Amino acid sequence: MSRLQLDSINVSFGDVHIVRDVSLDLQQGEIGCLLGPSGCGKTTLLRSIAGFQTLQSGTIQIDDSLVSNQTVNVAPELRGVGMVFQDFALFPHLNVADNISFGMRKASASERRARVEELLNRIGLPGYQKRFPHELSGGQQQRVALARALAPRPRLLLLDEPFSSLDAELRERLAVEVRELLKKENITALLVTHDQHEAFAMADKAGVMYQGELLQWDTPYQLYHQPKHQLVADFIGHGVLLQGIVNDDASLTSPLGQLSHPSLLDIDAGTRVSFLVRPDDIVPDPTSRLRATVKARGFRGAHNLYTVELPGGIELLTLSPSHEQFQVGANIGLRPELDHLVIFAANLCELPGFYDQAPTVQPLPAVIPKAQTA
Amino acid sequence: MRYSSWRQLTLITTAVIIGVPLLIICWSMLQLLWTDDLSTLSHLWDTVVPEYIRHSLILLVGVAVGVVVLGVSTAWLTTACRFPGQRLLSWALLLPLAVPAYIVAYTYTGMFDYAGPFQTALRDWFDWGYGDYWFPEVRSLGGAIVVLSLVLFPYVYLITRATFIQQSATTLEAGRSLGLSPWQCFFRLALPLARPAIVTGTTLALMETLADYGTVQHFGVTTFTTGIFRTWYGLGDLMGALQLAGMLLVAVMALIFIERRSRRQARYDQRNPRPATAFVLRGWRALGASLLCWLPLLCGFVLPALQLTLWSIERAAVWQDPDFWQLTFNSFTLAVCAAVLIVIMALWLAYGRRQIPTRAVRTSVAFAGMGYAIPGLVIAVGLMVFLTSIDQVIITVSEQWFNYNPGLLLSGTLVALLFAYSVRFLSVSLQTIQAGLGEIRPSMDEAAQIQGYSPLQVLRKIHLPLLRPSVFTALILVGVDVLKELPATLVLRPFDFNTLAVRAYEMAGDERLADAGPPALMMVLVGLIPVILLSRAMLKSQQAALKEQEFVPVTA
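If you read the protein sequences in the order shown, they are chains A and B.
So for the first sequence, this note's numbering puts the first residue at 1; every next one is plus one.
So for the second sequence, this note's numbering puts the first residue at 1; every next one is plus one.
Next comes chain B alone, as it looks inside the complex:
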């Protein structure tokens, strides 16, 4: 009994600590109300905030339209139709997830800028000079919308596709028997049934859009994230940054709310579905369908990857540079440490949730899993305020007692980074591990126990082997996410500590795009691992849906 209440306490404490950045920001907003000192806020409001809001809104609407169009059309074509390349496409369409948006932004700048190969070729062919022709500006709000849509549409694709597969043939056949044409079936049955999934996928993509810093910064679009960064680093105004972060958080909360609601509605489950017969496309229809699917794949993955490869070959010398390998080592060490730490936390929370499912524990675990929605920069701002104030206390105490200044123990070291990563990526590993744990039914525990195994032996004999794949997946997912993470790393890294993501960002910032190639390519290669895992899981669950229900060992 004592042990269990002690354990509950650790679970609740973990959730509270994970929630610190969030609490700090909420607290600063509340403080604003009490102290009535609105000078910073009103100044920001008079100058930059309307622009941030306008740009963010345009960006959100644009990306929403983009991801829905790309995601839903590709999902429908690859599930309901058969055409050459459809099987390959059904998993390849996930590939854009492997490339961080800011890196796609760099490659597009490289390819389509005035000095890029595309415009140069145009000028050579038609013998144009500067100003003779109109070409859309890549580094613009429109460019940001295109790049983010291309990178984020797989979210909508993945979730909508799962729904389309689950839709049973009988629903569509009932529609046909009631006099609907195949197209009407799509618009009046399949699409409305998939609506919760589409909303979920879109809100996920929009959360990423709000959290994005690298792309909008490179394209010179002022949004909340760039605003927070500028207010903090450019103007040195931490309070202003906190308040901007608060506003961003409100937008994110609205998105979470929408997402939760749509998930609640997503219970149009159709039990034991017989898969609908696919439309076999031939001739120009098949050509059109594959073109429509290849285009986003080409623009979202193949072209950027090719550009990165070209740059990496161009800057071959970088690969022999010990600095570069030091950077790689830093990145990977950080990723491994963070992944191990976060997965251990997730295991502790998930087991707590399973074994002592009291109300307090359930709320705590759900709260700890909220971080995925909070932009890295917001976490960084909240955390910085918290850690520096603790550091100040430590320094004062230490100087008084030992006459020694230990320096910034928390905010100036990797502790801050690991903390921020834990807040942001705990939910990823928590979800993976809870899914794995869910596969181990309670009756299996009991079956082992009644055969004479003590609880610890049950853990070793049953849980460990069954949970290993989930833990492994969680480690990879978190590790790769950490590797690619830019804004929080940029802000919280200790001095003289660089990672691949930061190097790519710095090189692109210095207009040395080709130099950003090798680190970016490295990240894309590593980023491919979770995408492959994801596509394997997707194909497997599809097979499981088609077969009769039976139990499958947990993988991915």
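For reference, chain A alone in the conformation it holds in the complex:
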């Protein structure tokens, strides 16, 4: 039984389509995460699950009971959903204890006291009952906002960019803490963010939204390694998309050389495709025939992230341990080490069949770059 199920929902303001045909589901106890650039409709999607936004079409079900469709819109206060707001929205006239117990309307005073104490312990702020919101730091306010949303034991918790107003360091630590807390309480939660690190730290399932469409709904691992859509590949992690032309012998002519993979037989010869190359797919190798010039170096602590340029002017990213240093302008050798191929057709969708087997690469640096420079 799904805790939350969205079936091809559409939301529009006047003529502007904000959410297009989005379907997803979350099981009891799962944490989901919607990723995407600002303005992609993810907050609107969250607000329509909360009941602040009506649907143009599609259905939203919580615990298999319908809460929203084109005509039905169960009021937010009747949905049993909790929400953590981007600006926390703590009530400035109430102290921490009253803020947290605000939603426990039917509970007795002693129940409230016990629950407030339990939650304050959980969020690491014991004894803060009598403080007022303005006396708390940003991170503390965030945790109180979370406790407030959890206090009435909601069936589903929605979090709208909950960490965006905190600084980066605090953000990742809190994300891990919040995940632990949600797991302990066995809460089903849906989080909205534009920060993929946050999403990877929190989520069991994640999705990337772009211009109102949910491009992929999968585990974070699959979003990274097997993006279903070129825009997902673009949005998640570092990487470069290279162009290539399919040959009729199960190979692909690309700036990296000739890539062979049995599934390439399924594609018509002469088709232009693009494929994803992550920085860890390219390894510096002085003996390699594939040569490139170092354009920029980014120090990442344990690693250096190099932007390198192939003779044809095509840029690639590569990682190398930080004790191995190349100067900008140096000419280095590169060896492709692709575990699998992620190939996108001209319509930006991923082509199936390339995941289970690594391709073989035959560097032919003399052919392609010449063809391109000519």
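In short, the hints are calculated from the structure, not lab data.
This one's a predicted model, so the numbers in the text were calculated from it and none came from an experiment.
Be aware that a few hints might be false.
[Claimed, not checked] Below, simulated SDA-like cross-link-like pairs (lysine to any residue); rule was C-alpha separation at most 20 Å, straight line:
(1) A:Lys183 to A:Asp167
(2) B:Lys540 to A:Leu136
(3) A:Lys295 to A:Leu242
(4) B:Lys540 to A:Ser108
(5) A:Lys106 to B:Gly452
(6) A:Lys205 to A:Gly237
(7) B:Lys461 to A:Ser108
(8) A:Lys130 to B:Leu466
(9) B:Lys540 to A:Glu135
(10) B:Lys461 to A:Pro92
(11) B:Lys461 to A:Ser8
(12) B:Lys461 to A:His134
(13) A:Lys130 to A:Glu180
(14) B:Lys461 to A:Met104
(15) A:Lys205 to A:Ser8
(16) B:Lys540 to A:His134
(17) A:Lys106 to B:Leu466
(18) A:Lys205 to A:Gln5
(19) A:Lys130 to B:Pro465
(20) A:Lys228 to A:Ser23
[To be verified] Not close to chain B: a few residues of chain A, all C-beta gaps over 10 Å, as computed:
(21) Ser23
(22) Gln61
(23) Glu77
(24) Met83
(25) Gln86
(26) Asp87
(27) His93
(28) Asp268
(29) Val273
(30) Leu310
[What the hints assert, rightly or not] Ranges of calculated distance between the beta carbons of each label pair, as one might list FRET restraints:
(31) A:Ser108 to B:Leu23: 57 to 65 Å
(32) B:Arg7 to A:Asp7: 34 to 42 Å
(33) A:Val72 to B:Gln400: 55 to 63 Å
Cβ atoms here follow ideal geometry from the backbone N, Cα and C, with glycine treated the same way.
Given chain A, work out where chain B should sit, using these hints.
This is chain B only, laid out in the frame that chain A set:
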């Protein structure tokens, strides 16, 4: 859906009713164009209007110079410099706002007239007689400029000060690093950055100047307000008064236009400012700075207040007079009624604006908030025309149907006064309440709603406690303004109904200045309340600007 459109209708209707005096005046001007009956206007134009225009212009220019010089210099000194008394001065400089201009005018007449203590002392010391020496005439155009500048400069002070505080240190430090001296920094950076604020403060002061009746009347300066009053009451020419009011309105509109423009430019916001290090003044510099700041405070508040106190002691008997307490009771009852009425209207409008922000509603609410700029006398003239004509209709109908004459139900009763106050002071409470409502972010409503509270419960649990301080502030601001208001009260009050302001005006008009003391002192004491609120809000917002951004409960 039906409820919301009904509610929109009430909002628009409120705005239209509030706008009635304005519409009447515009309509009468338009009528002038259609009927081509320019006899009244051309007569006025031939005789008095040039003088009104000349006097009003001189007054405006003089007051503008006065308030800018006083306001900007005190604002800069109290923000950028540290000298003994600077902290006290930074809020005390608001005190002149507590005293209505006409009352300062009375005290100055009392102090510096031929028979006043100052000139008497001069004559005694130097053994002069009448005509032996020259002394500036208090009751003159120049006197009016001085008095109005002294009372109104806190507008410029308050707004400019806020800008100076927000100016970040880096701007000034960048100026220094580019080779400017501290004085050059002031003239080439701080002052130009504060220009929109200075313009806003000055236009506010000039609007008050145009609306002023008590001061210019007492000083015998003929301006549009005294002209309207004389044409109407002296000559019984309502049409002429309407036309003069129309001209005054044009001037006010010009000022509103300037003010709006300057506010639009005022977006030189500097985010997250680090306050500039203050110049610590010592020796003669410190002395000069405190003298410069104490002088306007002394002349604008301390001296008038002392004079009023002296008069009140001199006329101690008045305080035991039941008539006086009846007067006080009248004033306060009127103020409370008006304040409650106006704040309820403001709440209705502000919530409408928040919950159904359609174009029509937004325009209506903005229109209803325009009244602060319109002189009380103009409102009174427009309203009188409207209410008397409605009264005539009521009387005719009632006599025909019931054979009974109910009298002037609207124009002859407190209804007219409350109406005029609503037009003039709605904007004050509207602004306060909208500011308070703005502090309650929409996400708070949603946070409460998603935790199972119905909209009405949200109102009771979240809005009521959070909005209480703003409502309270609005009540006080409106109440005190009503208490001090003179021209509209003078014209629209029912027969035999007097207030403190009217009594002070009558006594001063009869040259019984000392008798004007007790009611005036009473008004000043009450007038101190909003000034204290204002200074508290000012200091608080200053602290908030210095601290990192976080949310503060709404007060003041």
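Q. If you check each hint against the structure, which ones fail?
A. 1, 4, 11, 13, 17, 23, 24, 25, 26 and 27
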